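J.: Line order of the protein sequences matches chains A and B. Just so we're aligned, residue 1 is where the first sequence starts under the numbering used here, counting upward by one. Just so we're aligned, residue 1 is where the second sequence starts under the numbering used here, counting upward by one.
Source of the hints: derived by calculation from the structure; they are not laboratory data. There may be inaccurate statements among the hints.
[As the list claims (entries may be wrong)] With a Cα cut of at most 20 Å, we get these calculated SDA-like pairs of lysine to any residue:
(1) 208/A to 138/A
(2) 34/B to 42/A
(3) 60/B to 68/A
(4) 205/A to 34/B
(5) 34/B to 57/A
(6) 208/A to 70/B
(7) 208/A to 76/B
(8) 60/B to 66/A
(9) 87/B to 206/A
(10) 60/B to 42/A
(11) 34/B to 50/A
Since we're looking at a predicted model, the values are computed, not measured.
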Amino acid sequence: MPDWNLVVREQLHRLQLPPELVEEVIAELEAHLEEQYEEHLAGGLIQSEAFDLTLKQVNWSRLAKDIESSKGKEELMNRRTKQIWFPSLISLTASIGWMTIPGIPSYFRAPRPSLPYLVWMITLPLVGATVGYLSRRVGSTRAAQLVTVLLPAIVMSALWVMIISTVGLERIQHPLPFAHLGVGFLIWVVLQGTALLCGALLFWKLDKSLA
Amino acid sequence: MLARIRSKIARGSAELSIMALLADEPLYGFEIAKRIEEKTNGALHFTLASLYPMLYELEKRHWIVGRWQENQAGRNRRYYSLTPTGKKHLVPLRREWRSFFQALDQLAGVSHA
Numbered sequence: 001m002p003d004w005n006l007v008v009r010e011q012l013h014r015l016q017l018p019p020e021l022v023e024e025v026i027a028e029l030e031a032h033l034e035e036q037y038e039e040h041l042a043g044g045l046i047q048s049e050a051f052d053l054t055l056k057q058v059n060w061s062r063l064a065k066d067i068e069s070s071k072g073k074e075e076l077m078n079r080r081t082k083q084i085w086f087p088s089l090i091s092l093t094a095s096i097g098w099m100t101i102p103g104i105p106s107y108f109r110a111p112r113p114s115l116p117y118l119v120w121m122i123t124l125p126l127v128g129a130t131v132g133y134l135s136r137r138v139g140s141t142r143a144a145q146l147v148t149v150l151l152p153a154i155v156m157s158a159l160w161v162m163i164i165s166t167v168g169l170e171r172i173q174h175p176l177p178f179a180h181l182g183v184g185f186l187i188w189v190v191l192q193g194t195a196l197l198c199g200a201l202l203f204w205k206l207d208k209s210l211a
Numbered sequence: 001m002l003a004r005i006r007s008k009i010a011r012g013s014a015e016l017s018i019m020a021l022l023a024d025e026p027l028y029g030f031e032i033a034k035r036i037e038e039k040t041n042g043a044l045h046f047t048l049a050s051l052y053p054m055l056y057e058l059e060k061r062h063w064i065v066g067r068w069q070e071n072q073a074g075r076n077r078r079y080y081s082l083t084p085t086g087k088k089h090l091v092p093l094r095r096e097w098r099s100f101f102q103a104l105d106q107l108a109g110v111s112h113a
């Protein structure tokens, strides 16, 4: 079997598009050529004939120009907004954005903070499933779907790493001992990420089985 | 002039063919090309070079949307489906083409050709 990915990549190496779009185009054209080639083989052609016939249909320089003009700048911006920023905003707002509402953070410092954490943890899989649904519906790539679902945990991990390293390296006085920081990291990064991912995975599995 | 008209007709009919197919079910590029060829007994034929720029153009207009998912053979393919905006545009598009063929039929009897 020819390496169709390599064939397309070589032919479209001058494609003037952002890398993520180039990869998507290559993957899509590779799949098309692969099926076309297999069809020619099934039709009785030998491998070299099938290869030549599959490639005969394409004027690569013309195709590159047509693709560039049909996937213009506007499209790129729209796609990024639709596939990355919009689901990311939903993800962040629904899972940690509400913490910015005045008075809410005090519930987490109350004498018995387990209840707010519990309520929050229960809602997280729902948030994960919702963001998973949204990002799939707008046609995001698998990687983008995963990143948007896990974005709150990614953002919090950066924040906690910064806090922990600041406290540790600069040895500044901090009211919380390291154990508390570790628990904070565990809750806001590990547990949050796991809960979001569980919700999204469950939705994707269900969606796939219903498809 | 004639070449320009031909090109516009070809482009318009290609758009209609793709959108009409996707109105029934989501399909990926190779399936779209095959299905159109089968349904028109080979009269309409899409090559890779003619199909994908058209799909990307329709996607840019938000008439169709593509999303990656596995096909029945377990291979990852980009399935296209009609968006609500695309559905809205398909109705007048069908009407326009129907009127066009009726007019052409009255003028040149093409439906009996």
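J.: Run the structure past the numbered hints and jot down the numbers of the failing ones, going up.
T.: 4, 9 and 10
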